[in-house]
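In order, the protein sequence lines correspond to chains Z and P.
1 is the number of the first residue of the first sequence in our numbering; add one for each residue after it.
1001 is the number of the first residue of the second sequence in our numbering; add one for each residue after it.
Keep in mind the hints are simulated off the structure, nothing from the lab.
Here a beta-carbon is modelled for each residue, glycine too, at the ideal position from N, C-alpha and C.
Worth double-checking, as some hints may not be accurate.
Stated by the list, open to error - A partial selection of chain Z residues facing chain P, derived with a Cβ cut-off under 7 Å:
| no. | residue |
| --- | --- |
| 1 | ALA86 |
| 2 | ALA144 |
| 3 | GLN145 |
| 4 | THR264 |
Unchecked claim - Here are the in silico distance ranges between beta carbons for each label pair:
| no. | chain 1 | residue 1 | chain 2 | residue 2 | range |
| --- | --- | --- | --- | --- | --- |
| 5 | Z | LEU7 | P | LEU1083 | 32 to 38 Å |
| 6 | P | MET1077 | Z | GLU271 | 27 to 33 Å |
| 7 | Z | GLY79 | P | THR1160 | 50 to 56 Å |
| 8 | P | GLY1006 | Z | ALA194 | 42 to 48 Å |
| 9 | P | LEU1083 | Z | LEU293 | 54 to 60 Å |
| 10 | Z | GLY79 | P | GLN1004 | 49 to 55 Å |
| 11 | Z | LEU30 | P | VAL1003 | 41 to 47 Å |
| 12 | P | GLU1145 | Z | ARG27 | 53 to 59 Å |
To be verified - Which bits of chain P does chain Z cover? Going by a derived footprint, with three or more residues having C-beta under 8 Å, they are:
| no. | segment |
| --- | --- |
| 13 | 1026-1038 |
| 14 | 1054-1060 |
| 15 | 1067-1073 |
| 16 | 1139-1150 |
Take a look at the letters that make up each chain.
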Amino acid sequence: MNLWLLLLILAGAYLVAVIENWVVTGRLRLLAPLLAGIALLGRESLVPRLPDRLLFETAPPLLLAAAILSMAVLPLAPGTVLVDLATGALFVNAALAYVMVAVVMAGWGPDAAYAMIGGWRFLGQLVAYSMLIVMPITAVAMRAQSLVTTAIVSSQAPLPNAVAQPLGFLLFFLAAMAVAFLPPFDLPTASDLADGVFGEYTGARLAILRLARLVLVLSLATAVTVFYLGGWLGPLLPPAFWTIVKTLAVAAVMLLGGRYLPRTRSDHLLEWSWKLGIPLALVNIFWVGITLLVVQR
Amino acid sequence: MTVQAGALALFGLAALWFGMAVFRTHSMVRSAFSLLTTMAALGGMFLAMQAEFLGVLQLMMMATEMAIMAIFMMMYMMDPGGLGQMEMTHQKRLSLLAGIVGGLAGLALAVASAWGPVASRVPNPARQTHDLGIELLGRSMLIFETAGVSILVAMIAATTVVISRRHE
Chain Z
1 MNLWLLLLIL AGAYLVAVIE NWVVTGRLRL LAPLLAGIAL LGRESLVPRL
51 PDRLLFETAP PLLLAAAILS MAVLPLAPGT VLVDLATGAL FVNAALAYVM
101 VAVVMAGWGP DAAYAMIGGW RFLGQLVAYS MLIVMPITAV AMRAQSLVTT
151 AIVSSQAPLP NAVAQPLGFL LFFLAAMAVA FLPPFDLPTA SDLADGVFGE
201 YTGARLAILR LARLVLVLSL ATAVTVFYLG GWLGPLLPPA FWTIVKTLAV
251 AAVMLLGGRY LPRTRSDHLL EWSWKLGIPL ALVNIFWVGI TLLVVQR
Chain P
1001 MTVQAGALAL FGLAALWFGM AVFRTHSMVR SAFSLLTTMA ALGGMFLAMQ
1051 AEFLGVLQLM MMATEMAIMA IFMMMYMMDP GGLGQMEMTH QKRLSLLAGI
1101 VGGLAGLALA VASAWGPVAS RVPNPARQTH DLGIELLGRS MLIFETAGVS
1151 ILVAMIAATT VVISRRHE
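Isolated chain Z, as found in the complex (with noise of 0.2 Å):
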């Protein structure tokens, strides 16, 4: 089954870059991610001069898998899920933290001034949303009684946290769209910067980078669906379409989203995260915390 799983999230990360793509170009390709691969892995993957070689090598596998654990301990249905751990919705955040790892490595192995500006900038960035994924997170772990990513699908069965927390659903949404880098919150990959931590990579190892993005989105946007949109759980058709159907439309929103605002300075990504999401991250735990207490006693 865990194959099946495998190639399942392979199959996702698919469509993920069919709905980037039609997004950029304002066409539905359906083989364009596959042609674009494959014209990737036929050019040259070159390596620049004076590389950090071992920080070079490792950053695009490192992100890959970093992406991979993340979606591991997400549900498709009940049972169905690659590794069930009892701290599933910490071990999203563990795997997450390793994102920003790879995106550093990425950053300072070329010996390149704007990948390495790109790598630092996702690093401010990781200041700014890493707080803002943990403490929704928390709140949501508080509903469920549980850090087990099944128990807290569960826990939403009379009302999905989006309408139960729906503060901790928009930072978490806002933050999970920070961690993949996506726009408007792209800086690492910005165009200012020719791409950034992308910029020095080419063929199979740029290809390796896309892939592992890709992932990370559609692992993003499951974590969404299973903490805020009560995963599996729907009318009448079997569970794992449920989760599917959310997803996708999770992964559509975010890459929609971005392309309608300005892409954000990291100044102000930091202040607006300190001042205004921590606070309101805390009002949300507050506010879980009473209904809990008060509302569902």
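Chain P: place on chain Z using the hints.
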């Protein structure tokens, strides 16, 4: 049990190896990432010992902390990439002596301590998380709160110092 002991030994050796690598490179970034790998290997040791919550927490916290440390090491060192082969060590004899004495003291402590009986039964991971929560909110609360408040005070103090300097 044998697989578990093997995994524990493997992660332990990896932690030691990367711990040494921290000091064997001139690049600050490599040094920071080596330390991160050491800490991640310690997380692996927790997982091998079936302490799931602690293992995952270690993996999560250290990735962020070590990367932030890397940027400070970059900012404050004169040769952060190590390309200049700049010598950044000093007081070598004293360091060597302190290292040997500290290492032997740690080893003696590990060997001489009465560790108590080996746990024959491990509570399930969910139970461990629950027990840890109760521990943190009970007996150990004062320690953690003291540490937390101290760190907060230090952060506020550091920020105040920086802000007042900027106005000068």
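Hints violated by the structure (numbers, ascending)
Hints 2, 3, 4, 5, 10 and 16 are the ones this structure does not satisfy, whereas the remaining hints hold.
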